[in-house]
Amino acid sequence: MASGWLLFAPLISALACLVWLRRKHDLAMFLSVGTCAISFAIAVALFVGAIPVPQPWNWISITGGVANLTVPIGWYVDNTTKMMLLVVTGVGLLVHIFSIGYMAHDEGRGRFFGELSLFMFSMLGIVVANNFVMMFIFWELVGVSSYLLIGFWFQKPAAAEAANKAFLCNRVGDFGFLMGILMYWSITGTVMFQLNAASASTLATQTSATLTTLGVLLFCGCVGKSAMVPLHVWLPDAMEGPTPVSALIHAATMVAAGVYMLVRIFPPVLSASVGAQEVIATVGGFTALFAALIATQQNDIKRILAYSTLSQLGYMVMAVGIAAPGAAMFHLTTHAFFKALLFLAAGSVIHALHEEQDIWNMGGLWKKIPITFATFALGTLALTGFPGFAGFFSKDEIILAAYEKFPCLYAIGLITAALTAFYMFRLVFVAFFGPARTEKAEHPHESPAVMTAPLVLLAILSVIGGWSILGIHSYIAGGHAAEGHQPGHSLTLGLSILAFAVGSLSAYFLYFNKKSDPIRISLFANKFYIDEIYLNGPVKFQQAIARILAWVDNWIVGGCLVRGTAFVSNLTGEALRLFQTGSLQAYAFLFSFGTILILYFTLLR
Amino acid sequence: MLLIPLVGIGLILLKSPPKIVAIAAALLNFTFSLVALMQFNSQIAGVQLGLNIPWVHLPGLPEIRFHIGLDGINLPLLLLTTTVTLAAVSVVPNDIKRPREFFSYLLFMSLGAIGAFVSFDLFFLYIFHEFALIPTFLLIGIWGTQNRQFASMQLTLYLTLGSLVLLAGVLALVLALPVQLRSFDLLVLQRHLSQMPLNDFSQQTIVGFLLVGFGTLVSLFPLHSWAAPGYAAAPPSVAMMHAGVLKKFGLYGLIRIAVPLLPQGFDAWLPILLVCLLGNILYIGFVTLAQKELQTMLGFSSVMHMGYLFLGIAATNETSLSGVILLMVAHGLSAALLFGLAGEIQQRTGENRFAELGGLAKRAPFLATAFVIASMASIGLPGLANFPGELLIFFGGWHRFGLGIMALVLWGVVLGAVYQLRAVRKVFFGDLPARFESITDVTGTAQRGPYVLLIAALLFLGFFPSILLQVITPAVKLLLN
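Which chain is which? The protein sequence lines are A and B, in order.
Each residue of the first sequence is one higher than the one before, starting from 1 at the first, in the working numbering.
Each residue of the second sequence is one higher than the one before, starting from 1 at the first, in the working numbering.
In short, the hints are calculated from the structure, not lab data.
Glycine residues also receive a C-beta, built at the ideal position from the N, C-alpha and C atoms.
Please note that the accuracy of each hint is not assured.
[Claimed, not checked] Restraint ranges, calculated between C-beta atoms of paired labels, are given here:
hint, chain 1, residue 1, chain 2, residue 2, range
1, A, F541, B, P365, 50 to 58 Å
2, B, V7, A, V539, 52 to 60 Å
3, A, K515, B, P365, 39 to 47 Å
4, A, V539, B, N147, 29 to 37 Å
5, A, A374, B, W411, 44 to 52 Å
6, A, W360, B, F463, 47 to 55 Å
7, A, Y534, B, A407, 20 to 28 Å
8, A, G537, B, F463, 36 to 44 Å
9, B, A407, A, V539, 19 to 27 Å
10, B, G50, A, G49, 54 to 62 Å
11, A, T438, B, N147, 51 to 59 Å
12, B, F40, A, D78, 41 to 49 Å
13, A, G64, B, F463, 35 to 43 Å
14, A, F512, B, P365, 47 to 55 Å
[Said to hold, decoys possible] Which stretches of chain A does chain B cover? Using the computed rule of at least three CB atoms under 8 Å from a CB of chain B, they are:
hint, region
15, 132-140
16, 176-188
[Stated by the list, open to error] Here are the simulated DSS-like cross-link-like pairs (lysine-lysine), alpha carbons at most 27 Å apart as the crow flies:
hint, chain 1, residue 1, chain 2, residue 2
17, A, K514, A, K156
18, A, K540, B, K292
19, A, K156, B, K292
20, A, K405, A, K514
21, A, K440, A, K368
22, A, K515, A, K367
23, A, K156, B, K97
24, B, K292, B, K362
25, A, K24, B, K292
Same shape as in the complex, but just chain A (with noise of 0.2 Å):
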């Protein structure tokens, strides 16, 4: 049962802190940090295969019915479960050791650790899982514990609505999932990713319609959770949580756990179905080009690399959708170093600015704050695919995928590319070189050794984590992974090279040394008026279907009913007074006796 350690660690920590450690901060903190290297230690135990997986047991089972259900808490791992575990509980543990600097000073600490804690009993949950119904409750898990750190501060009236728009926009996305798992287990008559011959031969036979719809269904968890459009407007929201929350759970892994299931599931759901693959490889080449258009008017540090994340998590629903769920993977992990990187980063510079987020308001940055500088360049270059780093091996891939079948996503995928390269050097440029442009910029101070530690740490990942000597993409895709012999691959290559030198060399050219934006493309910079049209639309369509619905209740339903017996009402009225005496043995006598004689009447005929 060792392996069990791994959820129940941070368990007890989240209980422990948010129950009674809520004013002891030193020790919540401590209780967090340890339990989380504790996940960290079995995550890595079980990598090398020293320990074994805990038994399942059942959570509810009706069966010998006609609607039989059995749902257990059980482990599922393969290669893929052990990369993910790796990447949750290490980035999780940096993030961790980070916030002890970053949250020094901030009264909550101790519901901060309990909530981070929190998080990782949930995230982890949904890596292990092997089944819907368990990944379910998991997910929503992670939906309460990132609606809780999103609304960490929650007298800012920003952070509040963020963390409601986040939780919705998330149950519009499971309301289809939990359509999709109750359709499968329908189909299957389990909810168990793995199948019996019989459940999969049902599944195979199914019409191709069927399979689209519950390919569909399924995937619709993924839009929310991984914000895809159009659920994508509660990402950048949520940057109003605390800059490490936003590396960990909007960043590196828990808008990565759609890509995830859309991995777990693919075969035997998704595998079926041509027509479930096409819809999410288009939903997830347009993110991955929607959001890179936008990121590229924004001013907020955090805002941008928040775009960029929703444009990443395209680029891996893509893979799964063009059938390279095992890119898909590779990309999320190395996606997991870098930008996880870039945030901590962002945090560091935010903490070295006391809370300055526009970059306009930054400049100069690199000679006075050398190590976070340093870090977040490479962090820069290897999300830019900048070749020899992380991203560059991972993106390629997933573009090379696209090369055969879909040339249109293909295109899509280098020029998301392109544009990558260039919102990154324009943040790169604007923030870290040209002149001090505010008052604050000129006296940064570098942050303490607890916060840059995990900064170089994920900054060295973030440089070899694509190096086939570790193996990361042959471990994940099972030793199958075809390197470097497919079709068009020296031109991808050349022409991802391409787009990266265009990229960046255009955003040097625009954005060196500059006071202040020479482009306002403001479709871009309000992010395509999305927000403003849900706002607008579905939003006021709804409250006035609402207050139409209680006028009408309040005067047809209610009102009609209780003028019509008003006569009835007064004379109730009045012997409602007479019992105000409390006379209730007298009522309660009269009442029986009545029934009694209504009994009577009745029944002796």
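Here the structure of chain A is known, so what remains is to put chain B in place on it, guided by the hints.
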């Protein structure tokens, strides 16, 4: 267990300190119900730990027996009743006016609810429920807030008329049998009717009466108008008892009487029941969205959740019905928790309008945490008891009704999250108005105890629903064949 509230009432009338006696009585009953759970043998699906003695045999009527007992269906509801009673009597403020009467009435409600749930005789089942309703009317009429006259009058009208229709249905059921087979005993009836069911016409007519009667008691759309204003006007402890416990009686009655005794009649009403329960979920869901006051919103929300329970009954399979019993318990606990906390908010701020409230989490972290947990339970978050209940209903419902209906039902889950989280946001988050700077949190064991009890029960059943399911499912299976 039925005696304890009576003794408690007696002691209160004899001028013992009312709150202490009430809490002691509730605590004793809570302990007994836990003991009953321990004693209960889950290997036996039928009725156990009971009592079946002749009571009166009036000439010309079937014999009325005092037949009580426990099976897997009412045992969970008994636990719910004793738990919520304990919490409800504990949250009554010490300075309530006319305390003797108030606590006597509360205990009387509890007595009626327990009696109604454990009775296997139709006469007692009905009478006990009536006994519980009477003090409800008085408690709202005398100790209520806002427009209590109107609310309690409307509630009385609806529930009394509903009970009358119900009585008509029960009588029709007994009358439909040949004279020598007439009985008030549920188990006897079930034995007769499973061998020779009534003809379709009688079944349909009787189920019609039962649906209207029980439906009114459970606020089935469109018979729900009494609920929200009634709960808004009721003192918190009374709203806890009624929304948490007493309201479940109607569902319980449908499961006990309509589903097993009149299956064909029930099937005939299914299309109409489906329309009504979708009205509960979607129509009331939208109405809830537009509410501007906390208690009224909670009232409508509790009406909305009845839709899921009706769905589980409509689906009529062992999965969905197990879910219904579990969700009845879970909803009872979470609704009681929400109404109790709403009472604390109103008592501290003198305010219940969303527009005027805000930022209370800063001053009252316990209240905020408890309310967030209660809200999460209410919207079906895993880890809390409502989730497994809803989940089983959804699975059972999907098995019976498929994609189309379930898509509509599940949209309610989204609506529920919208209004419940908005309430959290409006009351606890954002800026704290200056006039609430000095409000106090819920402090101390005595004040926090009832809420901790309800939260602990929700968490425990959320993590280990099988504790109850292992007694529920065999009983449900027995009921269905």
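These are the hints, each one checked on the structure:
no., hint, result
1, F541(A) x P365(B): 50 to 58 Å, "37 Å, violated"
2, V7(B) x V539(A): 52 to 60 Å, "56 Å, holds"
3, K515(A) x P365(B): 39 to 47 Å, "46 Å, holds"
4, V539(A) x N147(B): 29 to 37 Å, "32 Å, holds"
5, A374(A) x W411(B): 44 to 52 Å, "50 Å, holds"
6, W360(A) x F463(B): 47 to 55 Å, "50 Å, holds"
7, Y534(A) x A407(B): 20 to 28 Å, "21 Å, holds"
8, G537(A) x F463(B): 36 to 44 Å, "40 Å, holds"
9, A407(B) x V539(A): 19 to 27 Å, "21 Å, holds"
10, G50(B) x G49(A): 54 to 62 Å, "56 Å, holds"
11, T438(A) x N147(B): 51 to 59 Å, "58 Å, holds"
12, F40(B) x D78(A): 41 to 49 Å, "42 Å, holds"
13, G64(A) x F463(B): 35 to 43 Å, "25 Å, violated"
14, F512(A) x P365(B): 47 to 55 Å, "49 Å, holds"
15, 132-140, "holds (count 5)"
16, 176-188, "holds (count 6)"
17, K514(A) x K156(A), "33 Å, violated"
18, K540(A) x K292(B), "16 Å, holds"
19, K156(A) x K292(B), "22 Å, holds"
20, K405(A) x K514(A), "42 Å, violated"
21, K440(A) x K368(A), "12 Å, holds"
22, K515(A) x K367(A), "19 Å, holds"
23, K156(A) x K97(B), "41 Å, violated"
24, K292(B) x K362(B), "22 Å, holds"
25, K24(A) x K292(B), "38 Å, violated"
Taken one by one, the earlier hints fail for this structure at numbers 1, 13, 17, 20, 23, 25, listed in ascending order.
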